[in-house]
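Assemble the whole structure, with the sequences as input and the hints as a guide.
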Amino acid sequence: MLASAVESAGAVFAEAQMVGLPCIGTRTWGGQYMIGPSEGVTVSIDDESELAQAMQFVACDALYGNPRIFEPERIRKRARERFSETTFATSSGKFYRDSLDCFRRHMS
2 MLASAVESAG AVFAEAQMVG LPCIGTRTWG GQYMIGPSEG VTVSIDDESE
52 LAQAMQFVAC DALYGNPRIF EPERIRKRAR ERFSETTFAT SSGKFYRDSL
102 DCFRRHMS
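In terms of the working numbering, the sequence shown opens at residue 2 and continues consecutively.
These aren't lab readings, by the way, just hints derived from the structure by calculation. Hints may contain errors.
[Said to hold, decoys possible] With beta-carbon atoms standing in for the labels, derived distance ranges:
hint : residue 1 : residue 2 : range
1    : V7        : F89       : 21 to 29 Å
2    : F89       : W30       : 46 to 54 Å
3    : A60       : S100      : 39 to 47 Å
4    : M19       : S45       : 21 to 29 Å
5    : G66       : V7        : 25 to 33 Å
6    : A6        : T87       : 29 to 37 Å
7    : Q54       : S85       : 31 to 39 Å
8    : R69       : S100      : 38 to 46 Å
9    : R106      : A63       : 31 to 39 Å
10   : Y65       : F104      : 53 to 61 Å
11   : A6        : E74       : 28 to 36 Å
Backbone N, C-alpha and C fix where the C-beta goes; we use that ideal spot for every residue, glycine too.
Put into structure tokens, the structure is as follows:
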């Protein structure tokens, strides 16, 4: 859970999802990017009541959900697709290659 008004996209979301845990975060751009409907819940910034309801919802799903809304294996699978070392290396490499190509085009 990350109840921040300004935190961009805390690594805590990726770390939790890599072990199959659902997340709760505020609707910053980062929270909305990091938490999809199958990975957890986003809440309004500074809304303590909505935050408490989200905590209760996620806890009830973990204890009593049948079937569970936030399935740990599905969360882990999605996290591996988005945040694994391979994904990071591939996307970073593409970013740098594209940047160099753009630089070369503008310099020639």
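So, going through the hints one by one against the coordinates:
1. V7 with F89: 21 to 29 Å: Taking Cβ atoms as reference, V7 and F89 lie about 24 Å apart, which means the hint holds.
2. F89 with W30: 46 to 54 Å: violated, 20 Å
3. A60 with S100: 39 to 47 Å: For A60 and S100 the Cβ distance comes to about 44 Å; the hint holds.
4. M19 with S45: 21 to 29 Å: holds, 26 Å
5. G66 with V7: 25 to 33 Å: holds, 32 Å
6. A6 with T87: 29 to 37 Å: Since the Cβ atoms of A6 and T87 sit about 33 Å apart, the hinted range of 29 to 37 Å holds.
7. Q54 with S85: 31 to 39 Å: Given about 32 Å between the Cβ atoms, the range holds.
8. R69 with S100: 38 to 46 Å: With a Cβ separation near 42 Å, R69 and S100 satisfy 38 to 46 Å, so the hint holds.
9. R106 with A63: 31 to 39 Å: Given range 31 to 39 Å: violated, Cβ gap about 51 Å.
10. Y65 with F104: 53 to 61 Å: holds, 55 Å
11. A6 with E74: 28 to 36 Å: holds, 32 Å
When each numbered hint is compared with the structure, violations occur for hints 2 and 9.
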